[in-house]
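Novice: Given next are the chains, with one letter for each unit.
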Amino acid sequence: MMQIYRIAHREYMENVKTKGFWIGILLFPILIWMMIELPKFLEERGIPTRHLVIVDRSEGLGEIARQRITLLNRQKTLGELQQHIAKATEEQRKEKMEEVDIDPDQLLDQLEQGLDQLGNPDLEIQPFKPDQLVKIGDLLPEQMLLNDLQWNNIKKLLLSQLPDDAPEFIEPPLRFKEVTLPEGVSLTDGDQQIEDALRPYLRSEMMLKSNDEEVELFGLLIIPENALEPKARVRFWSSNLADTDLIDTVLDSLSEEARQQEYDRRGIESKAVAEVASMRVRSIKFNPNKSEGDEKVGIRDKIRQYAPIGFVYMLWVAIFTIAQMLLNNTIEEKSNRLIEVLLSSVTTTELLLGKVFGVAAVGVTMQCAWIGSLIGILRYKSGPSATWIADLIAAVITPELLGGFVFYFIAGYFFYAFLFAGIGSICNTIKEAQNFMSPLMLLMMVPLGTMTFIPNDPNGAIATTLSWIPPWTPFVMMNRMAASPPASEIYGTAIMLLISVVVVFWLSAKIFRIGVLRSGQPPKLLELFRWLRGSHS
Amino acid sequence: MNTSPIELNHVTKTYGDFKAVDDISFTVPEGTVCGFLGPNGAGKTTSIRMMLDILRPSSGTISILGARRALDVRSRIGYLPEEKGLYKKMTATAMIAYFATLKGVAGGEAKRIAGELLEKYGLGSFQNHKCEALSKGMGQKVQVLASIAHDPDLVILDEPFSGLDPVNQGVMEEVIQDIRSRGKTILFSTHVMSHAERICERVVIMAAGRLAFDGTVDEAKSLLPRRVRVKGKGAGAALEQLKDVTHSSPSSDGREGVAEFQLREGADPQQLLKCAFEQNISLEIFEVVNPNLHEVFVHLVGEEAREAAYR
Ligand SMILES: Nc1ncnc2c1ncn2[C@@H]1O[C@H](COP(=O)(O)OP(=O)(O)OP(=O)(O)O)[C@@H](O)[C@H]1O
Ligand SMILES: [Mg+2]
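Chains as they are written, first to last, in my numbering: chain A, 1 to 537; chain B, 1 to 311.
Note that these hints are calculated values from the structure, not bench results. Nothing here was measured: the structure is a model prediction, and the numbers come from that model. Just so you know, not all the hints are guaranteed correct.
[To be verified] Subject to a maximum C-alpha distance of 25 angstroms in a straight line, what follows is the list of computed DSS-like cross-link-like pairs (lysine-lysine):
hint	chain 1	residue 1	chain 2	residue 2
1	A	Lys-510	A	Lys-524
2	B	Lys-88	B	Lys-111
3	A	Lys-76	A	Lys-87
4	B	Lys-19	B	Lys-89
5	A	Lys-17	A	Lys-94
6	B	Lys-120	B	Lys-88
7	A	Lys-94	A	Lys-155
8	B	Lys-130	B	Lys-88
9	A	Lys-524	B	Lys-274
10	A	Lys-129	A	Lys-76
11	A	Lys-17	B	Lys-111
12	B	Lys-274	B	Lys-233
13	B	Lys-243	B	Lys-274
14	B	Lys-19	A	Lys-431
15	A	Lys-510	B	Lys-19
16	B	Lys-89	B	Lys-120
17	A	Lys-19	B	Lys-88
18	A	Lys-135	A	Lys-87
19	B	Lys-130	A	Lys-19
20	A	Lys-155	A	Lys-135
21	A	Lys-431	A	Lys-524
22	B	Lys-233	B	Lys-221
23	A	Lys-135	A	Lys-76
24	A	Lys-156	A	Lys-87
25	B	Lys-221	B	Lys-243
26	A	Lys-231	A	Lys-135
27	B	Lys-89	A	Lys-19
28	A	Lys-17	B	Lys-130
29	A	Lys-76	A	Lys-40
30	B	Lys-274	A	Lys-17
31	A	Lys-17	B	Lys-88
32	A	Lys-431	B	Lys-88
33	A	Lys-87	A	Lys-19
[As the list claims (entries may be wrong)] Partner residues are not named here, just some residues of chain B that face chain A (Cβ under 8 angstroms, in silico):
hint	residue
34	Ala-67
35	Ala-70
36	Glu-83
37	Gly-85
38	Leu-86
39	Tyr-87
40	Lys-89
Think of the CB as a built atom: it goes at the ideal place given N, C-alpha and C, for glycine as much as any other residue.
Go ahead and model the full structure; you've got the sequences and the hints to work with.
Specialist: So, in structure tokens, the structure goes:
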């Protein structure tokens with residue numbers, strides 16, 4: 001026992017000291033962090049104001065498009081303002097944990113009052129609660145945003161409600177900004193002429209002037225005279241057609257206008273249409289496996305159904321991480337013949353168990369660090385009020401589910417760990433080991449492939465069959481756990497898996513014993529069988 | 001308790017049809033240093049591995065420190081395998097301490113012993129060096145120290161001298177003498193007869209899997225007749241006639257005019273001196289040459305060694 005501990009201890013300490021271990025531990029949170037931050041970062045820094053030229057040949061459609069672009073700009077600013085408010089009031093909101101029920105109508109009334117009072121310094125503004133301040137941005141109707149005066153006053157009002165120590169709000173650059181045609185080109189020129197003239201600007205070969213600044217021209221939009229007719233085409237020029245935000249927005253606004261006009265022409269009340277269009281048929285989902293009164297399928301159940309996939313991936317990654325370590329270590333000991341000293345000090349069983357436990361501990365450390373950092377980052381990012389983490393944890397930590405995961409995780413882990421240690425013992429170099437690893441990896445890919453459809457039919461024939469194939473049992477059963485498979489299958493596969501682990505352990509120990517003392521070519525399959533029959537030791 | 005630390009009884013090890021070790025029996029008495037000699041491929045390493053229960057004999061029995069299996073008494077055995085290696089990333093101290101703890105020494109104690117041993121055998125300044133930074137010879141010394149850090153009663157070393165420079169070979173001899181002076185038993189294999197001759201009381205010689213000799217060094221040397229080297233006018237012709245002289249030839253060390261006589265077993269070299277005196281032959285040189293272990297070795301296994309080399 002002591003020997004197993006000592007071997008495991010050394011194995012653990014040596015692996016923990018390697019660079020690879022720390023890179024593994026740190027890389028994960030860094031990657032997650034980058035996955036969360038990078039898009040935001042790119043959005044903040046990466047997308048500068050896009051400058052565009054609008055040539056409007058129609059009557060008033062240009063204005064509709066312009067309005068929609070303004071709305072887009074202001075919505076972006078509003079979003080940032082909301083974030084700014086959320087950050088500035090974080091402390092206050094943390095103190096008051098109780099959920100404030102927000103009545104949208106009342107809140108908007110209060111806002112309008114506030115706006116009135118803003119112009120009149122004698123009147124005291126009724127203060128907003130921090131939660132209301134954050135929420136209000138979601139409620140603002142479009143007309144309010146489009147009204148220049150109201151828009152500016154709303155910003156002023158909201159910012160005035162922030163605590164005194166709040167940092168200044170810096171308005172983000174506009175998303176899109178219209179610029180006038182460069183000198184020498186005029187709106188009276190033909191479309192063709194304008195397009196030709198602007199081509200070098202669109203190619204960034206020339207710069208446009210806007211407010212004494214040199215700017216790059218992002219796009220040219222030409223709205224034809226009868227743009228709303230089916231055959232008409234809005235012409236959009238840009239050297240970055242991948243950024244479809246602008247043209248989508250414009251087309252949306254024009255389509256809306258087209259529909260509106262069509263409704264009017266046919267004498268249909270457009271408001272009624274909108275109401276009708278918003279009708280939805282909804283469903284409630286029931287699960288017959290739940291006790292009565294509890295059958296409603298909620299968000300927790302969704303998480304519950306998909307949490308297993310997370311666990312399957314975790315097991316998979318865990319096995320991958322340890323495989324490399326086990327192979328490396330066994331091959332090192334083998335190639336420098338330390339194995340002989342070890343075998344004169346400990347039994348094969350002790351050595352094998354010690355190694356596997358030690359490496360397992362490394363794997364567990366790594367995984368704990370990963371899960372810890374993941375939860376940490378998510379908590380930090382989503383703020384203290386986020387309940388979904390609690391949901392997730394509550395969904396996973398039900399005794400039967402967690403028990404199942406832990407069992408299958410450990411059993412699966414050792415099944416593969418013993419296998420890898422056995423393989424390590426018959427190879428002299430990592431390269432030789434790779435030959436044995438490839439088929440094993442293929443074997444391990446199978447459960448990954450089945451993961452997507454098993455949740456759809458967790459107790460179907462395929463899932464059931466796969467459950468009984470030992471290398472796949474842990475993956476498939478973990479995946480099925482949430483769907484409450486029959487107890488006979490749970491216990492049956494569990495017992496079979498345990499027996500397989502013991503068998504793999506026994507085989508590995510036997511191969512290990514002979515393999516580690518061998519040098520030269522790895523044995524042929526036939527030779528392995530002879531070893532196992534014990535005619536060679 | 002009168003069992004010897006090492007006892008082999010009709011031990012055989014076969015690989016397929018090939019007998020790597022063929023029916024060997026010998027014992028090593030307690031407190032002795034025993035050299036384990038034999039040409040390449042004689043079966044030394046195989047035998048040693050069987051003693052340590054790393055390999056199982058095909059037939060025959062082995063008793064180590066009174067136990068049937070070496071693992072039962074593992075904390076009392078120290079072992080240096082033939083091919084040496086270390087954990088590259090561990091420090092010398094940690095490495096020695098680790099193997100000591102595997103043999104049951106407590107962690108802190110093991111560290112202390114490791115430091116002491118390194119200090120004592122000239123590696124004090126390498127205590128905290130990673131093993132990959134040690135030269136081959138230094139690494140080998142570290143490994144030897146790792147095998148004896150738990151103060152075992154029986155130490156088995158497979159070719160401890162190979163790869164060491166003359167100074168470190170001396171250190172290695174010192175290590176062995178130190179262990180022996182504490183009353184422990186040592187068996188080591190080597191190809192260098194001079195080491196065996198200097199530090200062994202007993203030798204076991206194997207050839208082609210079979211036992212060629214087992215006994216004290218003196219007994220081994222007495223296997224070969226003694227020789228006398230003589231220089232003097234007419235000495236060769238006169239002494240050749242003596243009945244105890246079995247063979248005569250020019251001296252094997254190549255000196256001019258020196259004759260060498262091989263004597264019958266048990267014969268007294270003084271006879272030759274007496275004879276020369278009686279016949280009034282004046283001798284410039286008269287020396288008795290005792291056979292050394294090297295010659296005994298070549299005599300015993302020369303044929304097999306060459307054969308093995310061609311096999
Ligand atoms: N695993 C094995 N399979 C087949 N033959 C083996 C194996 N191990 C050793 N042998 C053979 O057994 C014989 C004895 O080998 P062993 O290593 O014991 O010799 P040795 O006396 O230690 O030689 P050396 O002085 O070169 O170290 C050799 O002929 C060798 O080829
Ligand atoms: Mg050998």
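Novice: For each hint, tell me whether it holds in the structure or not.
Specialist: Each hint, compared with the structure:
1. Between Lys-510 of chain A and Lys-524 of chain A the CA atoms are separated by roughly 16 angstroms; this keeps the pair inside 25 angstroms, and the hint holds.
2. For a cut-off of 25 angstroms, the pair hint linking Lys-88 of chain B to Lys-111 of chain B stands: about 18 angstroms separates their Cα positions.
3. As the CA atoms of Lys-76 of chain A and Lys-87 of chain A are separated by approximately 17 angstroms, the hinted pair is consistent with the 25 angstroms bound.
4. Straight-line distance between C-alpha atoms of Lys-19 of chain B and Lys-89 of chain B comes to about 39 angstroms, which puts the hinted pair past the 25 angstroms bound.
5. Restraint check for Lys-17 of chain A and Lys-94 of chain A: the C-alpha separation of about 40 angstroms exceeds 25 angstroms, so the hint is violated.
6. A C-alpha spacing of about 23 angstroms is found between Lys-120 of chain B and Lys-88 of chain B, which places the hinted pair at or below 25 angstroms, so the restraint holds.
7. For the hint linking Lys-94 of chain A to Lys-155 of chain A, the alpha-carbon distance of about 24 angstroms falls within 25 angstroms, and the restraint holds.
8. The suggested pairing of Lys-130 of chain B with Lys-88 of chain B holds, with an alpha-carbon distance near 7 angstroms, which does not exceed 25 angstroms.
9. Annotation: proposed proximity of Lys-524 of chain A to Lys-274 of chain B is violated, straight-line Cα distance about 72 angstroms (limit 25 angstroms).
10. As the CA atoms of Lys-129 of chain A and Lys-76 of chain A are separated by approximately 23 angstroms, the hinted pair is consistent with the 25 angstroms bound.
11. Straight-line distance between C-alpha atoms of Lys-17 of chain A and Lys-111 of chain B comes to about 19 angstroms, which keeps the hinted pair within the 25 angstroms bound.
12. Annotation: proposed proximity of Lys-274 of chain B to Lys-233 of chain B holds, straight-line Cα distance about 16 angstroms (limit 25 angstroms).
13. A threshold of 25 angstroms between alpha carbons decides the hint, and for Lys-243 of chain B with Lys-274 of chain B the separation of about 14 angstroms falls inside it, so the pair holds.
14. Straight-line distance between C-alpha atoms of Lys-19 of chain B and Lys-431 of chain A comes to about 33 angstroms, which puts the hinted pair past the 25 angstroms bound.
15. Taking the CA atoms of Lys-510 of chain A and Lys-19 of chain B, the gap is near 23 angstroms; set against the 25 angstroms cutoff, the hint holds.
16. At roughly 23 angstroms between alpha-carbon atoms, Lys-89 of chain B and Lys-120 of chain B fall within 25 angstroms of each other, so this suggested pair holds.
17. For the given pair, Lys-19 of chain A sits about 15 angstroms from Lys-88 of chain B by alpha-carbon distance, which is consistent with the 25 angstroms threshold.
18. For a cut-off of 25 angstroms, the pair hint linking Lys-135 of chain A to Lys-87 of chain A stands: about 13 angstroms separates their Cα positions.
19. Restraint check for Lys-130 of chain B and Lys-19 of chain A: the C-alpha separation of about 15 angstroms stays at or below 25 angstroms, so the hint holds.
20. At most 25 angstroms may separate the alpha-carbon atoms for a hinted pair to count; Lys-155 of chain A and Lys-135 of chain A meet this at roughly 14 angstroms.
21. Annotation: proposed proximity of Lys-431 of chain A to Lys-524 of chain A holds, straight-line Cα distance about 16 angstroms (limit 25 angstroms).
22. Distance restraint check for Lys-233 of chain B and Lys-221 of chain B: the Cα-Cα separation of roughly 31 angstroms exceeds the 25 angstroms cut-off, and the hinted pair is therefore not satisfied.
23. With a C-alpha separation of about 15 angstroms, the suggested pair Lys-135 of chain A and Lys-76 of chain A falls inside the 25 angstroms cut-off, and the hint holds.
24. Only pairs whose Cα atoms come within 25 angstroms are accepted, and Lys-156 of chain A paired with Lys-87 of chain A is accepted, the gap being roughly 17 angstroms.
25. A C-alpha spacing of about 22 angstroms is found between Lys-221 of chain B and Lys-243 of chain B, which places the hinted pair at or below 25 angstroms, so the restraint holds.
26. This hinted pair does not check out: Lys-231 of chain A and Lys-135 of chain A have alpha carbons roughly 43 angstroms apart, beyond 25 angstroms.
27. Taking the CA atoms of Lys-89 of chain B and Lys-19 of chain A, the gap is about 12 angstroms. The hint holds against a cut of 25 angstroms.
28. A distance of roughly 13 angstroms separates the Cα atoms of Lys-17 of chain A and Lys-130 of chain B; the hinted pair therefore holds under the 25 angstroms criterion.
29. Between Lys-76 of chain A and Lys-40 of chain A the alpha-carbon distance is near 13 angstroms, which keeps this suggested pair within the 25 angstroms criterion.
30. Taking the CA atoms of Lys-274 of chain B and Lys-17 of chain A, the gap is about 77 angstroms. The hint is violated against a cut of 25 angstroms.
31. The suggested pairing of Lys-17 of chain A with Lys-88 of chain B holds, with an alpha-carbon distance near 13 angstroms, which does not exceed 25 angstroms.
32. For the given pair, Lys-431 of chain A sits about 20 angstroms from Lys-88 of chain B by alpha-carbon distance, which is consistent with the 25 angstroms threshold.
33. Our distance criterion of 25 angstroms between C-alpha atoms is broken by Lys-87 of chain A and Lys-19 of chain A, whose separation comes to about 38 angstroms.
34. The interface hint given for Ala-67 of chain B is broken, as the beta carbon of that residue sits about 13 angstroms from the closest beta carbon of chain A, more than 8 angstroms.
35. Satisfaction of the interface hint for Ala-70 of chain B is found here, the shortest Cβ-Cβ separation to chain A being roughly 7 angstroms, below the 8 angstroms cut-off.
36. The beta carbon of Glu-83 of chain B is positioned within 8 angstroms of a beta carbon in chain A (closest approach about 4 angstroms), and the interface hint is therefore held.
37. For Gly-85 of chain B, the interface hint holds, since its Cβ comes within 8 angstroms of a Cβ in chain A; the closest pair sits about 2 angstroms apart.
38. For the restraint placing Leu-86 of chain B at the interface with chain A, the shortest Cβ-Cβ distance is roughly 7 angstroms, inside the 8 angstroms limit, so the hint holds.
39. Interface restraint check for Tyr-87 of chain B: the shortest CB-CB distance to chain A comes to about 7 angstroms, inside 8 angstroms, so the restraint holds.
40. Restraint check, Lys-89 of chain B versus chain A: the minimum CB separation of about 6 angstroms is within 8 angstroms; hint holds.
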